[in-house]
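Student: As a plain string of letters, each chain reads:
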Amino acid sequence: MCTKAHCYIIPPYLLEKLAKHGNRSCKRALNDTGRIAERRRSSLNNLLLRNQAEGSGERFVYDSQNQFEQRMKLVRQEGQDPVEDESVNNAYDTSGFVRKYFQETFGLNSIDGNGLDIISNVHYGEAYNNAYWDGDEMTYGDGDGKEFTDFASAIDVVAHELVHGVTQFFANLEYQSQPGALNEHFSDVFGTIIKQKYLEQDIADADWLIGDSVVTEEFPGVAIRSMKAPGTANDFDTQPDHMDNYYNGMGDNQGVHINSGIPNKAFYLCCLEIGIDDCALIWFETLKALWRTSDFNDMVETLVSTAQQLISEDKVAQNAVEAISMSFSQVGLTPIVV
Amino acid sequence: MKYDINIEGGFTAIPKRFEGEVKLGKDEEKEMREAVSVTQQDNSQLRDGFTYTVKFTDEDGIYESQFNESNLPKKIRHFITDIQKGNN
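Chains A and B supply the protein sequences, listed in that same order.
The first sequence runs 0 to 337 under numbering that gives the first Met the number 0.
The second sequence runs 0 to 87 under numbering that gives the first Met the number 0.
Calculated directly from the structure, the hints in this document are not laboratory data.
Fair warning: there could be bad hints in the mix.
[What the hints assert, rightly or not] To give an idea of the chain A side of the interface with chain B (calculated C-beta under 10 angstroms), a few residues:
id, residue
1, D135
2, D143
3, Y245
4, N247
Glycine included, C-beta positions come from ideal geometry on N, C-alpha and C.
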């Protein structure tokens, strides 16, 4: 038997092979090993090695006051009344909605399952056109006002960034090449699911766009990405929707935001077949089963085995495996179903 | 001093490139060269952060380095912000 403690001395390539064969303790050890090594490098290791008490996922919103600094001024925390600054209130409300979705849907206590506090920084930098997750917290720019506007006020952006945290704690997918594209894919998947829940849409009403509310009228496009039609959201959108057009370049960490279009399209197609809630459950359970170096084929294989398990428990539609097979076949990733 | 700055990645993943030339004082040029030369600690858990490839060229040579959100020197950060605002 391979326990978490024993696996630390086993070489990562062996852990990976065991993880691919479904050994979940080895997968956990593989992910933990990578995460701990990274943490050591960033000098936070001592905090991680402690057995942390379960928290309650409280929200803290800081105002960066247009400086390139995080945690500058705490302006709102859990339970406090709204403030005058709408960016602060939006970051507070939307991160609360994401937390509630994961709690009510999957029983997840905050983004790490252990009640990690949810920390947001708004008004970061000057005319800063970005939002990011740094391993501990989210940071949002106001946008330059010409092409982009407040990133903290968009539910799909907030969900996307928070799900980078979920992915970090449950699969720790590397941020390059195919594992990186999967990392982006999961953030777009739950970004779009949570956006539809927030807007009380069904899949027929939804636009399947990511970041449509952070682009201005001057921006040459309607959004940052499209799950329904990758590559069409704006003039710069080069996302492929099929493996035939897979990006092999070195840019964007070997295309993490580019090749995510391929599984994104498959997710959209699968939702049309079995609905977004069944897909959400299958994708979430799959995320938990993946490991640091998982590639597209690993994910498809895991989606199929996860769906088979969930069908046997009567938790998803009986045609879920067929829906996954058909959806991924259409983007050039035909799974082998046994 | 000539500059060539590539910004990649980020949530939007829309690359930006800034090329040009600025007149800086000797001390400021030295500070910029030193900022590019210093090795910075990395944070590999960054997701959706920008990657900054910064290249300066002056009469003495070419100075190039790559940074991310967690290790971009303040001096370079403010230089890029000024360029974006059209101040340089």
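Student: Checking against the hints above, which ones are violated?
Tutor: 3, 4
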